[in-house]
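Student: Using the sequences plus the hints, can you model the full thing?
Protein chains: 2
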Amino acid sequence: MDDATFGPNPANHVPLTPLTFLAHAAAVFPDRTAVVHGAIRRSWAETYRRCRRLASALARAGVRRGDTVAVMAANTPEIYEAHFGVPMAGAVLNAINTRFDAATLAYVLEHGEARILITDRELSRTVAQALTSLPRAPLVIDIDDGQVPGGELLGAMDYEAFLATGDPADPWTPPADEWEAITLNYTSGTTGRPKGIIYHHRGAYLNALSNLLLWNMGPHPTYLWTVPMFHCNGWCFPWTLAAAAGTNVCLRAVRVEQLFALIREEKVTHLSCAPVVLQALSGASPALREGITHRVQLLTGASAPTPGTIESVERLGFEITHGYGLTESYGAATYCPWRPEWDALPVAERARLKARQGVPSPALEALMVADPATLAPVPRDGLTVGEIFLRGNTIMKGYLKSPAATDEAFAGGWLHTGDLAVWHPDGYVEIRDRSKDIIISGGENISSLEVESVLQRHPAVLEAAVVAQPDPKWGESPCAFVAVRDGADVDEREIVAFCRRHLAHYKVPKSVVLGPLPKSATGKVQKEALRERARSLPLLI
Amino acid sequence: MDDATFGPNPANHVPLTPLTFLAHAAAVFPDRTAVVHGAIRRSWAETYRRCRRLASALARAGVRRGDTVAVMAANTPEIYEAHFGVPMAGAVLNAINTRFDAATLAYVLEHGEARILITDRELSRTVAQALTSLPRAPLVIDIDDGQVPGGELLGAMDYEAFLATGDPADPWTPPADEWEAITLNYTSGTTGRPKGIIYHHRGAYLNALSNLLLWNMGPHPTYLWTVPMFHCNGWCFPWTLAAAAGTNVCLRAVRVEQLFALIREEKVTHLSCAPVVLQALSGASPALREGITHRVQLLTGASAPTPGTIESVERLGFEITHGYGLTESYGAATYCPWRPEWDALPVAERARLKARQGVPSPALEALMVADPATLAPVPRDGLTVGEIFLRGNTIMKGYLKSPAATDEAFAGGWLHTGDLAVWHPDGYVEIRDRSKDIIISGGENISSLEVESVLQRHPAVLEAAVVAQPDPKWGESPCAFVAVRDGADVDEREIVAFCRRHLAHYKVPKSVVLGPLPKSATGKVQKEALRERARSLPLLI
Chain H
1 MDDATFGPNP
11 ANHVPLTPLT
21 FLAHAAAVFP
31 DRTAVVHGAI
41 RRSWAETYRR
51 CRRLASALAR
61 AGVRRGDTVA
71 VMAANTPEIY
81 EAHFGVPMAG
91 AVLNAINTRF
101 DAATLAYVLE
111 HGEARILITD
121 RELSRTVAQA
131 LTSLPRAPLV
141 IDIDDGQVPG
151 GELLGAMDYE
161 AFLATGDPAD
171 PWTPPADEWE
181 AITLNYTSGT
191 TGRPKGIIYH
201 HRGAYLNALS
211 NLLLWNMGPH
221 PTYLWTVPMF
231 HCNGWCFPWT
241 LAAAAGTNVC
251 LRAVRVEQLF
261 ALIREEKVTH
271 LSCAPVVLQA
281 LSGASPALRE
291 GITHRVQLLT
301 GASAPTPGTI
311 ESVERLGFEI
321 THGYGLTESY
331 GAATYCPWRP
341 EWDALPVAER
351 ARLKARQGVP
361 SPALEALMVA
371 DPATLAPVPR
381 DGLTVGEIFL
391 RGNTIMKGYL
401 KSPAATDEAF
411 AGGWLHTGDL
421 AVWHPDGYVE
431 IRDRSKDIII
441 SGGENISSLE
451 VESVLQRHPA
461 VLEAAVVAQP
471 DPKWGESPCA
481 FVAVRDGADV
491 DEREIVAFCR
501 RHLAHYKVPK
511 SVVLGPLPKS
521 ATGKVQKEAL
531 RERARSLPLL
541 I
Chain E
1 MDDATFGPNP
11 ANHVPLTPLT
21 FLAHAAAVFP
31 DRTAVVHGAI
41 RRSWAETYRR
51 CRRLASALAR
61 AGVRRGDTVA
71 VMAANTPEIY
81 EAHFGVPMAG
91 AVLNAINTRF
101 DAATLAYVLE
111 HGEARILITD
121 RELSRTVAQA
131 LTSLPRAPLV
141 IDIDDGQVPG
151 GELLGAMDYE
161 AFLATGDPAD
171 PWTPPADEWE
181 AITLNYTSGT
191 TGRPKGIIYH
201 HRGAYLNALS
211 NLLLWNMGPH
221 PTYLWTVPMF
231 HCNGWCFPWT
241 LAAAAGTNVC
251 LRAVRVEQLF
261 ALIREEKVTH
271 LSCAPVVLQA
281 LSGASPALRE
291 GITHRVQLLT
301 GASAPTPGTI
311 ESVERLGFEI
321 THGYGLTESY
331 GAATYCPWRP
341 EWDALPVAER
351 ARLKARQGVP
361 SPALEALMVA
371 DPATLAPVPR
381 DGLTVGEIFL
391 RGNTIMKGYL
401 KSPAATDEAF
411 AGGWLHTGDL
421 AVWHPDGYVE
431 IRDRSKDIII
441 SGGENISSLE
451 VESVLQRHPA
461 VLEAAVVAQP
471 DPKWGESPCA
481 FVAVRDGADV
491 DEREIVAFCR
501 RHLAHYKVPK
511 SVVLGPLPKS
521 ATGKVQKEAL
531 RERARSLPLL
541 I
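Residue numbers (this note's numbering), protein chains in the order written: chain H, 1 to 541; chain E, 1 to 541.
Just so you know, the hints here were simulated from the structure itself, not pulled from any lab data. Virtual Cβ for every residue (Gly too), placed ideally from N, Cα, C. Among the hints, erroneous ones may be present.
Just a few of them, taken from the derived set where beta-carbon distance is under 8 Å, the chain H residues facing chain E [as the list claims (entries may be wrong)]:
no. : residue
1   : F6
2   : A11
3   : T20
4   : A27
5   : E113
6   : W179
7   : L184
8   : L213
9   : N216
10  : P337
11  : V359
12  : K397
13  : G398
14  : F410
Pair ranges (Cβ atoms, derived) [stated by the list, open to error]:
no. : chain 1 : residue 1 : chain 2 : residue 2 : range
15  : E       : D489      : H       : G317      : 56 to 64 Å
16  : E       : R264      : H       : H294      : 27 to 35 Å
17  : E       : A103      : H       : R65       : 52 to 60 Å
18  : E       : R264      : H       : G218      : 25 to 33 Å
19  : E       : L539      : H       : G218      : 48 to 56 Å
To be clear about the criterion: a stretch of chain H counts as covered by chain E if any three or more of its residues have a C-beta under 8 Å from a C-beta of chain E, and this derived list gives those stretches [as the list claims (entries may be wrong)]:
no. : region
20  : 65-78
21  : 360-370
22  : 384-394
23  : 412-424
Tutor: Laid out in structure tokens, this is it:
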């Protein structure tokens with residue numbers, strides 16, 4: 001059969017882009033609430049008009065196809081609109097981590113070549129400092145959010161005035177090719193300079209729909225924004241919400257009381273969150289739940305929820321789905337599809353199953369756990385540790401201006417995640433550690449995650465992080481940093497004794513430090529800082 | 001920002017294809033039931049192995065990339081497997097209408113250049129006759145289904161023996177490019193020769209996922225096969241079911257009793273069907289529902305369900321979703337998303353709303369109702385009639401060997417559907433007629449659908465079809481063919497009187513014929529045949 005004559009034409013080939021989700025939501029559900037932020041409630045029609053205004057204003061300000069527009073802001077309507085308005089101008093959105101210091105911010109603005117910076121008044125000190133060090137400052141637009149006091153307006157005009165310079169009737173620019181960049185996301189750069197990860201329209205479209213499917217969201221979900229939109233573009237949920245014509249409930253900062261109040265008032269159905277938020281929720285008073293009668297779907301990732309966390313969070317009315325991904329994979333790349341037959345299991349067993357993921361999300365094409373050197377898949381025995389490798393259309397285009405790092409990340413035709421895991425016989429995957437977090441003691445590999453999960457079973461332990469500490473005899477040994485629950489009474493010796501009861505002796509931490517854990521902007525424990533501290537600590541045992 | 005250096009590589013670009021859905025279902029849910037057919041129950045692991053065997057057997061039989069493999073069969077496991085096994089061999093599946101006569105079949109086999117024909121014993125008479133007229137007969141493989149008596153085995157071997165010549169361990173062939181053809185579907189050809197409509201992997205992937213989203217199917221649906229898999233590849237549901245790791249309940253022929261028995265025994269959750277099946281269901285005795293406690297989701301299309309049908313079918317435990325599409329659009333291209341606020345409306349009002357669709361499915365990029373000559377969109381006033389135009393990645397590649405017809409179908413960068421409709425202010429669309437079914441009387445357009453929907457409101461009317469009849473005074477006038485319900489007592493004059501009460505006088509049929517309506521294989525009324533008859537009928541009024 002010869003059909004070579006039939007190439008793509010405008011009727012049967014349209015570059016995939018999540019921007020059309022917004023146009024559809026506005027056309028079909030113009031009056032449904034799209035965005036809620038305090039007293040602000042905007043419909044899909046209104047949000048579309050504002051995004052078109054933004055695209056038009058950017059174009060009139062000289063932004064051209066492929067230019068970078070940076071936004072540094074809390075989870076407010078402005079950064080939501082930027083996820084559409086910036087690419088609708090043909091430009092690339094760089095949503096910047098709000099915890100970056102001035103030097104890192106300056107580096108990112110220069111490296112990403114931002115022509116415009118839309119920024120939150122609350123962050124003006126850092127931003128002002130960064131701008132002074134730039135040879136060529138971008139045009140600055142201020143988000144002047146009434147919810148936050150203080151700070152300064154730094155820019156040429158505020159966001160609303162800038163919108164007013166645009167015309168919502170101006171045509172906007174769909175991508176000419178779905179491979180065109182849509183966003184640029186800088187890693188938090190715990191070691192070395194942040195890397196600029198490029199997403200394209202094709203991947204953003206596919207991952208946005210994939211979120212709907214893996215989480216079985218249905219039409220019109222109400223989504224509470226605790227994951228920062230600067231973090232993997234909020235796991236692509238800005239676009240997912242438009243695809244489902246749902247409601248975005250904005251949130252500047254995560255406070256447990258406000259979270260429950262919004263769940264109650266806005267009837268939030270879905271919320272995704274970093275482990276730090278899950279941890280905060282798990283300690284919440286049941287009184288906060290008063291008046292909330294519906295269950296809330298909660299998607300979490302990055303570290304496996306413990307049985308205790310799952311139990312307490314489920315008692316508060318949340319149903320947990322566990323995902324896994326990294327900035328290079330547009331957010332959630334794999335997850336733990338729940339099986340009805342697991343419902344009846346005891347909580348510890350359910351938590352054990354839920355702590356796994358590794359089932360490709362609908363948009364991910366392939367995953368393997370394999371030997372990092374040979375790329376030979378490990379046996380699916382739940383025991384052999386290998387590195388997680390991903391492949392598919394929701395994997396980054398590359399690291400901006402770092403072709404060597406890009407080639408390294410893609411060596412052998414797979415994305416190297418740097419995460420170590422075991423592959424179970426049923427195809428699910430369980431993360432053991434980041435490759436750089438593994439502790440090598442007397443030639444044996446110790447998973448810091450395994451030791452942490454034992455520590456977290458101790459009733460007095462709120463959080464724990466385990467890193468390698470130099471050991472004159474064994475090379476390295478585990479060192480535990482432990483945050484204790486309010487009012488709990490426990491000392492270092494008891495922690496060690498508890499670990500002895502639950503771990504092989506060579507895995508027991510030889511140092512224990514009590515106190516709060518240092519965290520990154522996205523709530524990840526900063527192991528690099530802990531490793532630094534561990535180097536100077538005495539061995540306890 | 002310059003990212004031009006980052007082209008696609010195997011880690012971040014994989015051609016979209018629905019074939020990977022099968023591999024995933026088998027990897028993650030190997031033991032879940034994939035296919036049920038009478039006493040046959042096969043898991044996803046088993047189904048994947050059989051499809052790989054089929055792909056291997058085809059390759060060993062000399063089938064090469066781009067070759068056509070035809071299947072002419074009832075909805076059995078074999079045609080389901082062919083939807084994967086044939087493209088896994090790099091070949092193109094041509095699923096053939098089982099109602100085609102020998103001459104049409106011979107034409108299709110020759111036009112499509114089928115190298116292999118997999119055929120159902122039940123159809124052996126037609127197939128044998130067609131084969132004798134072919135200069136170069138394909139290799140014939142018989143489906144020897146124990147559920148059906150009679151017929152002859154015509155081929156080189158039966159399907160199971162053919163499978164045994166393949167090795168499930170042989171590697172299979174994913175598409176090198178997502179634009180490659182996956183299937184070939186011949187129109188029923190009510191006028192002229194059937195046209196061969198080409199689908200590609202990209203469209204099949206997107207439409208399969210789109211089905212999940214538009215119908216909110218969730219994980220593991222149980223789907224009853226009443227839509228023939230030869231009809232737009234069963235609206236792409238063979239691939240949808242793999243994507244959701246659901247269960248396919250096969251069905252050779254639609255009989256209402258068996259349908260309810262399967263719903264009860266297999267706990268069917270979803271079923272899509274042509275209007276003729278919906279009509280049959282609406283007349284079913286409530287006793288058939290005994291023992292069925294769950295609601296069944298029903299997706300229908302092609303003609304708008306009447307209030308009476310909706311009411312009676314909902315009483316039987318079905319929830320109707322109304323879609324619209326054509327073979328050129330891979331099945332459902334638009335639908336009627338239901339709004340919670342409509343739930344409380346009276347049934348007639350709900351039916352009026354449900355009779356509309358026109359909201360693009362998640363995979364369709366754009367739709368318009370426009371002037372067929374100028375392509376100028378009509379006003380969204382619910383009154384102005386225009387033609388429906390579609391655009392997106394789930395629109396056919398083209399008509400095989402008919403570049404002129406393809407160019408015509410895509411003129412102006414839109415697929416011309418030939419369906420006439422009005423566009424409502426809320427963005428929904430209501431079909432008025434096929435362009436060729438419109439009746440022009442005294443210069444006024446009369447929608448045959450409008451007259452039919454009035455006729456269907458008469459309690460004695462089971463079905464009605466209205467066509468143009470030559471009229472010496474007005475040019476054309478409407479002629480009604482009416483199938484009456486069992487036991488109903490009504491005559492032609494009463495039908496006319498009823499129409500007079502509910503229609504403008506110029507729209508009232510001038511001839512009425514009582515009796516069953518001629519139907520095509522897919523349950524569509526054959527208006528061409530009725531027009532032929534109408535030419536010789538006397539005018540009643």
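Student: Have a go at the P337 of chain H hint: is there a Cβ in chain E nearer than 8 Å to its own Cβ?
Tutor: holds (7 Å)
Student: Taking beta carbons only, do three or more residues of the region 412-424 of chain H come closer than 8 Å to chain E?
Tutor: Holds, because 3 residues of the region 412-424 of chain H bring their Cβ atoms closer than 8 Å to Cβ atoms of chain E.
Student: Given the hint of 27 to 35 Å, check if R264 of chain E and H294 of chain H actually sit that far apart at their C-beta atoms.
Tutor: At roughly 32 Å between Cβ atoms, H294 of chain H and R264 of chain E fall inside 27 to 35 Å, so the hint holds.
Student: Given that the region 65-78 of chain H was listed as covered by chain E, double-check it with a C-beta distance under 8 Å for 3 or more residues.
Tutor: As far as the region 65-78 of chain H goes, the hint holds, because 3 residues have Cβ atoms under 8 Å from chain E.
Student: Please check whether A11 of chain H passes as an interface residue: C-beta within 8 Å of a C-beta belonging to chain E.
Tutor: Interface hint status for A11 of chain H: holds (4 Å vs cutoff 8 Å).
Student: Verify the coverage statement for the region 384-394 of chain H against chain E, using a C-beta to C-beta distance below 8 Å and requiring 3 or more qualifying residues.
Tutor: holds (count 4)
Student: Does K397 of chain H pass the interface hint, meaning its C-beta sits closer than 8 Å to a C-beta of chain E?
Tutor: At about 4 Å, which falls below the 8 Å cut-off, the nearest Cβ of chain E leaves the hint on K397 of chain H intact, so it holds.
Student: Could you see if the CB distance from R264 of chain E to G218 of chain H stays within 25 to 33 Å?
Tutor: holds (26 Å)
Student: Return the status of the interface hint for L184 of chain H: holds when the least beta-carbon distance to chain E is below 8 Å, violated otherwise.
Tutor: With a closest approach of 7 Å, the L184 of chain H hint holds.
Student: Return the status of the interface hint for L213 of chain H: holds when the least beta-carbon distance to chain E is below 8 Å, violated otherwise.
Tutor: holds (6 Å)
Student: T20 of chain H was flagged as interface toward chain E. Is the shortest Cβ-Cβ separation under 8 Å?
Tutor: At about 6 Å, which falls below the 8 Å cut-off, the nearest Cβ of chain E leaves the hint on T20 of chain H intact, so it holds.
Student: Falls inside 56 to 64 Å, the C-beta gap from D489 of chain E to G317 of chain H?
Tutor: holds (60 Å)
In this structure, none of the earlier numbered hints is contradicted; all agree with it.
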